[in-house]
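Chains as they are written, first to last, in the numbering used here: chain A, 1 to 333; chain B, 1 to 333; chain C, 1 to 213; chain D, 1 to 213.
Be a bit skeptical, because a hint or two may be false.
Said to hold, decoys possible - The calculated label-pair distances, taken between Cβ atoms and stated as ranges, are:
{"hint": "1", "chain 1": "A", "residue 1": "228", "chain 2": "B", "residue 2": "142", "range": "30 to 36 Å"}
{"hint": "2", "chain 1": "C", "residue 1": "59", "chain 2": "B", "residue 2": "316", "range": "52 to 58 Å"}
{"hint": "3", "chain 1": "B", "residue 1": "212", "chain 2": "C", "residue 2": "126", "range": "56 to 62 Å"}
Said to hold, decoys possible - Here are the simulated lysine to aspartate or glutamate pairs, EDC-like style, with alpha carbons at most 20 Å apart:
{"hint": "4", "chain 1": "B", "residue 1": "4", "chain 2": "A", "residue 2": "247"}
{"hint": "5", "chain 1": "A", "residue 1": "279", "chain 2": "B", "residue 2": "19"}
{"hint": "6", "chain 1": "A", "residue 1": "128", "chain 2": "A", "residue 2": "147"}
{"hint": "7", "chain 1": "B", "residue 1": "333", "chain 2": "A", "residue 2": "90"}
{"hint": "8", "chain 1": "B", "residue 1": "279", "chain 2": "B", "residue 2": "326"}
{"hint": "9", "chain 1": "A", "residue 1": "279", "chain 2": "A", "residue 2": "247"}
{"hint": "10", "chain 1": "B", "residue 1": "4", "chain 2": "A", "residue 2": "234"}
{"hint": "11", "chain 1": "A", "residue 1": "231", "chain 2": "B", "residue 2": "254"}
{"hint": "12", "chain 1": "D", "residue 1": "184", "chain 2": "A", "residue 2": "145"}
{"hint": "13", "chain 1": "C", "residue 1": "184", "chain 2": "B", "residue 2": "207"}
Note that these hints are calculated values from the structure, not bench results.
The model shown is predicted, which means the values in this text are computed figures rather than measured ones.
Glycine residues also receive a C-beta, built at the ideal position from the N, C-alpha and C atoms.
One letter stands for each residue in the lines below.
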Amino acid sequence: MAMKKLINNPDNLAKELLEGFVLANSRKVALVRSDLVVRAKAKAQGKVALVTLGGSGHEPALSGFVGEGMLDISVPGEIFAAPGPPRVLEALRLAKRDAGILFIVLNHAGDVLSANVATGLAEKEGIKLRRVLTHEDMSGGPRGESDDRRGLSGCLPVIKVAGAAAEKGYSLEECATVAERMEAGMSTLAVAVSGATHPCTGDVIAEIPEGMMVVGMGQHGEAGGGTQPLKTADETAEIMLTALLDDIQAKPGEELFVMLNGVGSTTLMELYLVLRRVKQLLEARGITLARSLVGEFLTVQEMGGFQMCVGRLDAELKALWDAPCESPAWTAK
Amino acid sequence: MAMKKLINNPDNLAKELLEGFVLANSRKVALVRSDLVVRAKAKAQGKVALVTLGGSGHEPALSGFVGEGMLDISVPGEIFAAPGPPRVLEALRLAKRDAGILFIVLNHAGDVLSANVATGLAEKEGIKLRRVLTHEDMSGGPRGESDDRRGLSGCLPVIKVAGAAAEKGYSLEECATVAERMEAGMSTLAVAVSGATHPCTGDVIAEIPEGMMVVGMGQHGEAGGGTQPLKTADETAEIMLTALLDDIQAKPGEELFVMLNGVGSTTLMELYLVLRRVKQLLEARGITLARSLVGEFLTVQEMGGFQMCVGRLDAELKALWDAPCESPAWTAK
Amino acid sequence: MNTITHDTLAEMLRGAAAEIRENHEWLSRLDSVGGDGDHGTTMVRAMARMEEALASSVSGKIHTLLNDVGWAILGVDGGATGPLLGMFFVSMASAAEGLEELGAGNVAALFEAGLTGVRAQTKAQPGDKTLIDALVPAVEALRAAAEPGADILEALHLAAEAAEAGAKLTSTMQARFGRARNIKEQSIGTQDPGATSMSLLFRGFKKGLESHA
Amino acid sequence: MNTITHDTLAEMLRGAAAEIRENHEWLSRLDSVGGDGDHGTTMVRAMARMEEALASSVSGKIHTLLNDVGWAILGVDGGATGPLLGMFFVSMASAAEGLEELGAGNVAALFEAGLTGVRAQTKAQPGDKTLIDALVPAVEALRAAAEPGADILEALHLAAEAAEAGAKLTSTMQARFGRARNIKEQSIGTQDPGATSMSLLFRGFKKGLESHA
Ligand SMILES: Nc1ncnc2c1ncn2[C@@H]1O[C@H](COP(=O)(O)OP(=O)(O)O)[C@@H](O)[C@H]1O
Ligand SMILES: Nc1ncnc2c1ncn2[C@@H]1O[C@H](COP(=O)(O)OP(=O)(O)O)[C@@H](O)[C@H]1O
Ligand SMILES: [Mg+2]
Ligand SMILES: [Mg+2]
Ligand SMILES: [Mg+2]
Ligand SMILES: [Mg+2]
């Protein structure tokens, strides 16, 4: 089937969508240099700044996480492609401050390479920064082999708590500790039920056979095992939650958050069914569903499926999770 | 193609999704009687209450609009089917207060009939209420023939301003005036690019031919003319905006809001492109894009396409639009 | 048969439920042309509620039976059908207050009240392609046959025929109410689902009565 | 040909751009097996940026030319390719500081510096199915041919052959870096797109030099 997308010239797609994004969220975000997304109202210089980078085409991620209590700057790339190092360096220069920069990087080859080059150059210029890598996709490989686990939607909880910490005046070291604790305690697993098309090329991203679903797919639908007959919401919830709890070795008595991130055409309706079952299963194991988050945060075009992200919360992380924020994708009072 | 949805027994779908919805939004909403959605923290009795009703399967609508500064109670029906009058009557009893109830009804046969019966019974019980009908789908027929225009996503701006008015202590009459002014100045047009499946029956809702789009489809994809070759985002924006401005007879110098409501699998990316073009076109006509709202508010499962809703704003409506609110689908500080 | 008791009426209602259940796929198919394809499902749900009400309504009173059935159907989340069909029975119930059994005249009067109750809910007129187009001729046929002492089975037979003719005639009409009005001229050529289910209800009333006779 | 000037180098780079442009669909096809299918597009974008830099780089200095090209490619939003290829040229530039023309030994030294620059960015080793697997043998071939006074065209010919052989060999390897590592064994049987484009670059360098000769 041919692509059915309302777009203009694919070459201008990333640029045009960015314009529209800022228009739609003009009270929260603004553009600098026409290609860096910053807050509409800058954070005080005395506080740690949060910067991230990543490809476009995953809206609202990642620029949708810019705002009070969350990111200071996002460097959006082309569709599904990390921004090049020079623009990332510009962002780091823009964020430069004595308090330092918490630089959050999702583990994808392009993002990491671009971040590496930019970090090297920034450090030569005396820019103070700490890098935090998110790599919580359990389908990438065994826990501990961080290189093999990609960064999926789990970046959102990390950005939320680290952003809240920065807002509260935590030091760079403290912000990094919070981010790393959140990251270390979490794991994400994706399920895909239907594919999508690349908005620029029209190519099929992830062809899912009729009647099947694939558990353990990455952000762009790269193949990755786990093909099985389509299950019910309850069964799918159980398959995924069981794997995730196993991966983070959750124990009775613990408090967890669960985030369900719809990647495109899967409805909120379906995600609510999954959350309902997740809650029942956690209860049966004596685990508390301390916080939940259901919506579309990091999408893959019109792909069908979702990512389930599960992670440990302690008192501090809960307080940071609950702290006010005001970004296009997450506003809390 | 067979349905690819993560659901359980279709007979329990509406009930289960409601459970998950409340779980996911437990700080904002709660259930009464297991089938009425109310605010987690009730509004003061001295203020006007807002109540609405409508079928499920359009998440986050309509229960996602319950919360501070918006609705007090939503009566969710079965998938795509209005709730029966007895439950609506229960909701009106629950909301009963001297300040009165603003009862917002979307113009669909089932909703209106159910609301009619419930209203008749409620009035016999001495429940004070004012009904506001939203019917802004311009594809239904000529302006003025209100019976033929359905209520689409335009209910959201109406609920927003009326909810803010109620929160500010406006009287029932004043809330109704605000709601009706907002409603009278707006118009909605839908475009569909790909169909969906009914989550209970698996039936196809709106089959859109390869390479085509349909402008002027209703909320459940009932047929309605306007089939044409798929256009670019810019062209589609222009076709729709031109028709809408014509319908509300917008003039240079006016201030309008534009809401782009994705109905399912159409991405935020695409909606941002459309908004970008809308802004350019409005500017060319000397019209101000005073407010915009882009997201998925009233969906039709995994259908591809969106609704464009355009309406007049005056100073009071702008202030009410900007007022704080805290509902699952719209939170503003 | 010259009179109908509480139990006979219950049989009639059960007959209607059976008739709908047998034809629900057709109803949904008709609804999928201009509507949302759920009319069969909704009617089946309404009938299930009706049967529950029949089972639990133990007063032995015609008024109460009809009222319980009406409220049960109102309780269905069924789009247009719930309120219209629910009010149909609720209004019949009001007209049945105090009656222990029904003669042909009572039967006509009850159905007239039902029609009035439906028409209070909608501006739809005959010719607008709705259930009204089956209900009006059915009620007229009942009234015409309602001589004192007339055979009720025969009257219901005529009513069912009239309802069916009315329902068939809706295929020549353009929908002006309900979802199907959105497809305008394209609604011509297909029977209205609501009119069709109304005619099935009458056929079911008749069959139910027959089985009891 | 024993020496390369600024202008000859520019010709080599143009040759590389032409070679990529001719084969970009193949590159994307290779990338769609285990990656996201954009490698051809990204390389074309990178080459367009390179040509812009070639056109606007007017210093006449080899160092500046390579540095401008490197930064232009870094500026491409191109996933893995931009940083790796950009740092390749930026690192070559550093090694070219002060040089007005390049002998065979200089050429080998520059490409060695480019390789070092790439390897500073990634932990990928030979055998991991990345562009390293084409680049390492190419650089080795250049070094082996780099007798004083050696023919640079001949050396580049050998390097291009070595790169192509290296790229072909990647089809026997399992990807351990980049997106393709996600498909594990399934990556065996297809050449690595990055190694392939690297071998195309070398073939293009050679062709560009040939055309200038
Ligand atoms: N406003 C109305 N007045 C009279 N009858 C109506 C009206 N709206 C719908 N109907 C009847 O209801 C039928 C559709 O019922 P159903 O499919 O169950 O409801 P919905 O349209 O809400 O899905 C139509 O065929 C028509 O006969
Ligand atoms: N971490 C890495 N180290 C070395 N080479 C890499 C790495 N990641 C990717 N590559 C190379 O990049 C190629 C893919 O490039 P490209 O498709 O342009 O980038 P992306 O994978 O970001 O879409 C791979 O074939 C591989 O040769
Ligand atoms: Mg890529
Ligand atoms: Mg319906
Ligand atoms: Mg229907
Ligand atoms: Mg790629």
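Verification of the supplied hints:
At about 53 Å, the CB distance of residue 228/A to residue 142/B disagrees with the hint of 30 to 36 Å. The given range of 52 to 58 Å is respected by residue 59/C and residue 316/B, whose C-beta atoms sit roughly 55 Å from each other. Separated by about 37 Å at the C-beta atoms, residue 212/B and residue 126/C break the suggested range of 56 to 62 Å. Restraint check for residue 4/B and residue 247/A: not satisfied, since their Cα atoms lie roughly 28 Å apart, outside the 20 Å limit.
Straight-line distance between C-alpha atoms of residue 279/A and residue 19/B comes to about 10 Å, which keeps the hinted pair within the 20 Å bound. Pair hint residue 128/A plus residue 147/A does not hold up; C-alpha atoms about 24 Å apart against a cutoff of 20 Å. The straight-line distance between the Cα atoms of residue 333/B and residue 90/A is roughly 31 Å, outside the 20 Å bound, and the hint therefore fails. With a CA separation close to 27 Å, the supplied pair residue 279/B and residue 326/B exceeds the 20 Å bound.
A threshold of 20 Å between alpha carbons decides the hint, and for residue 279/A with residue 247/A the separation of about 18 Å falls inside it, so the pair holds. Proposed proximity of residue 4/B and residue 234/A is supported: the alpha carbons are some 15 Å apart, at most 20 Å. A distance of roughly 52 Å separates the Cα atoms of residue 231/A and residue 254/B; the hinted pair therefore is violated under the 20 Å criterion. At roughly 15 Å between alpha-carbon atoms, residue 184/D and residue 145/A fall within 20 Å of each other, so this suggested pair holds.
Straight-line distance between C-alpha atoms of residue 184/C and residue 207/B comes to about 18 Å, which keeps the hinted pair within the 20 Å bound.
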